[in-house]
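S.K.: Chain residues, written in single-letter form:
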Amino acid sequence: MLLAVIRREGVDVPALCEHEAIEPCGSCRLCMVEITKKEWDGWKNHVTSCLYPVEDGLIVSTHTDQVMEIRKTILDLYMARCPGSEVIQKMAEEYGIYKTSYITVPDADNCIMCYACTRICEVLGKSAIAAVERGHRKVIAPPFGDVPPDCIGCLSCAHICPTDVIKWNDEDGTRTIWKKNFELITCKECGKNIISREFADYIIEKREVPAEYFETCDDCKRAEVARKMGSLVTRAKEVSL
Amino acid sequence: MMFRFEVNPSLCTGCRTCELACAFTHTKNQKPGRSRIYPIGYAKDEYVPVTCLQCDEAACIKSCMFDALRRNEETGAIELNLERCVKCEACVAACPFGCALIDNVHEEIVKCDLCGGSPACAQFCPTKALEYKKIA
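As given, the protein sequences belong to chains A and B, one line each in that order. Mapped onto numbering that gives the first Met the number 0, the consecutive letters of the first sequence carry residue numbers 0 to 240. Mapped onto numbering that gives the first Met the number 0, the consecutive letters of the second sequence carry residue numbers 0 to 135.
Mixed in with the good hints there might be a few duds.
Stated by the list, open to error - No farther apart than 20 Å at their CA atoms in a straight line, the calculated lysine-lysine pairs in the PhoX-like style are these:
#1 A:Lys71 x A:Lys89
#2 B:Lys127 x A:Lys191
#3 A:Lys178 x A:Lys125
#4 A:Lys125 x A:Lys187
#5 A:Lys125 x B:Lys61
#6 B:Lys132 x A:Lys125
#7 A:Lys191 x A:Lys125
#8 A:Lys166 x A:Lys178
#9 A:Lys125 x A:Lys71
#10 B:Lys61 x A:Lys205
#11 B:Lys61 x A:Lys166
#12 A:Lys125 x A:Lys179
#13 B:Lys61 x B:Lys86
#14 A:Lys166 x A:Lys179
#15 B:Lys127 x A:Lys236
#16 A:Lys236 x B:Lys27
#17 B:Lys43 x A:Lys227
#18 B:Lys127 x B:Lys61
#19 A:Lys71 x A:Lys36
#20 A:Lys137 x A:Lys166
To be verified - Simulated coverage check for chain B against chain A, where a stretch passes if three residues somewhere in it have a Cβ under 8 Å from a Cβ of chain A:
#21 36 to 45
#22 59 to 69
#23 75 to 84
#24 88 to 96
It is worth saying that the hints were derived from the structure and are not from the lab. Just so we're clear, the structure is a prediction, and the values are computed from it rather than from any experiment. For each residue, glycine too, the CB sits at the ideal point set by N, CA and C.
Only chain A is shown next, with the shape it has when bound in the complex (with noise of 0.2 Å):
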C-alpha cells in the first residue's frame, strides 16, 4: 500500500491505527494524502494512504496545505474525543494544536475506534472482542458485555492499542482483562509469571510447541544451558588430562 512506500521513503506520515500484523482499514484517517496523476489534467483526491494501493505515474503530496487542514481537523475531533490521551496530544501538538475547538466528549474513555484490538484478536483467530451498539454509544466490548469466553489472555489487544485504553492487571499469579481471569503460568524453579495458561495451552495446540518449553521461565532455562554445556566442559578437560 501507499503507505508503506512512503515509509520507506523516510517522509513521515502519521497514523493510528496501522500496525504490520493486521490489515489496514484506514479507519484514523490521519495517512491522508493527496494524489493525483499527469493524465488527470489537474484534478486531485485525497485518499487514506494505508488502503491506496500504489500504481505507476501516481503523484502524491503528502504536506499539502489541504493535506495539513484534513489532518489538523481529525486531531482536532481527536482531542475533544480522548482529552486524556497523551499520544494524541502530542501528535496534536505537532500539529499546533494545543485545545480542541470542540465541546470535550463527557467521561471520555480515550478509544478512537480504530478496531486495532479488534483486528489483531481476529489474527490469532479468537475474535473475543468485537464493537457493539452503533453510532455514539458504539464500544469495543467482548459479547453482551460478559466475560469473554474466547480471550485466552495474551494482551496483544491492549499492547497494539495506540491510546492505551485497555486495562489489565497481573497479581499474585492471576492476570485479569476484560473482567476475565486467567492463571499465569509460574516458574517451577524460581517462581516468576510467565504468559497466562490458556494462551500457552493455545500455542501448544495450534503451533504443535512441546508443553514443557513452557514450564520455566526464561531466566531458567538460560541458566540450565549453561549447566548442561558446563557440565560438558568438564567432562571434556578431565577426559584430556
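Put chain B on the given structure of chain A with help from the hints.
M.R.: Frame of chain A; chain B shown alone:
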C-alpha cells in the same frame, strides 16, 4: 559463503565484554539495549556464554502468531520484525533455551540476529571464546 557462530565455553573468562558490545551495538535513542548474550557462571570462574542457537526448527518462529519472526536466508539468523511484533511474549515463554528476551529499557522483545552478518560480540571477545568463522 557459509559462516558458523562458534561458542567455546572453555575459553570464556566471564569478562562480559560481549554483553557490552551487544548492548551498545543495539543502542537506540542514546540508550544501550538489553544484551542478547549472557556469560553465565556454572562453577567457580567457569562461564558459558549463552546466546540464541538459531534453531532449525525454532520454537520462537512456531509460537509467533503474528509472523514477526522470520529466518534471514542470507545469514541464517532468525530476525524479529519489530513492526509486526505486538509484545505478547509468546516467543519468550516458548524458547527452550530462554534466548528471546524482554528489553525493559526500550520496551520491546529482543533476540540475537547475528548483527546482520557480523556479530559484535565475536569481534570484541578478547579470548576468542566467541568466533564467527567462515566454513565454506
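S.K.: Work down the list of hints and note, for each, if the structure agrees.
M.R.: Going down the list of hints, with the structure as the test:
no.	hint	result
1	A:Lys71 x A:Lys89	13 Å, holds
2	B:Lys127 x A:Lys191	34 Å, violated
3	A:Lys178 x A:Lys125	17 Å, holds
4	A:Lys125 x A:Lys187	29 Å, violated
5	A:Lys125 x B:Lys61	18 Å, holds
6	B:Lys132 x A:Lys125	45 Å, violated
7	A:Lys191 x A:Lys125	27 Å, violated
8	A:Lys166 x A:Lys178	10 Å, holds
9	A:Lys125 x A:Lys71	36 Å, violated
10	B:Lys61 x A:Lys205	9 Å, holds
11	B:Lys61 x A:Lys166	28 Å, violated
12	A:Lys125 x A:Lys179	15 Å, holds
13	B:Lys61 x B:Lys86	15 Å, holds
14	A:Lys166 x A:Lys179	12 Å, holds
15	B:Lys127 x A:Lys236	18 Å, holds
16	A:Lys236 x B:Lys27	41 Å, violated
17	B:Lys43 x A:Lys227	15 Å, holds
18	B:Lys127 x B:Lys61	33 Å, violated
19	A:Lys71 x A:Lys36	25 Å, violated
20	A:Lys137 x A:Lys166	18 Å, holds
21	36 to 45	holds (count 6)
22	59 to 69	holds (count 6)
23	75 to 84	holds (count 4)
24	88 to 96	holds (count 8)
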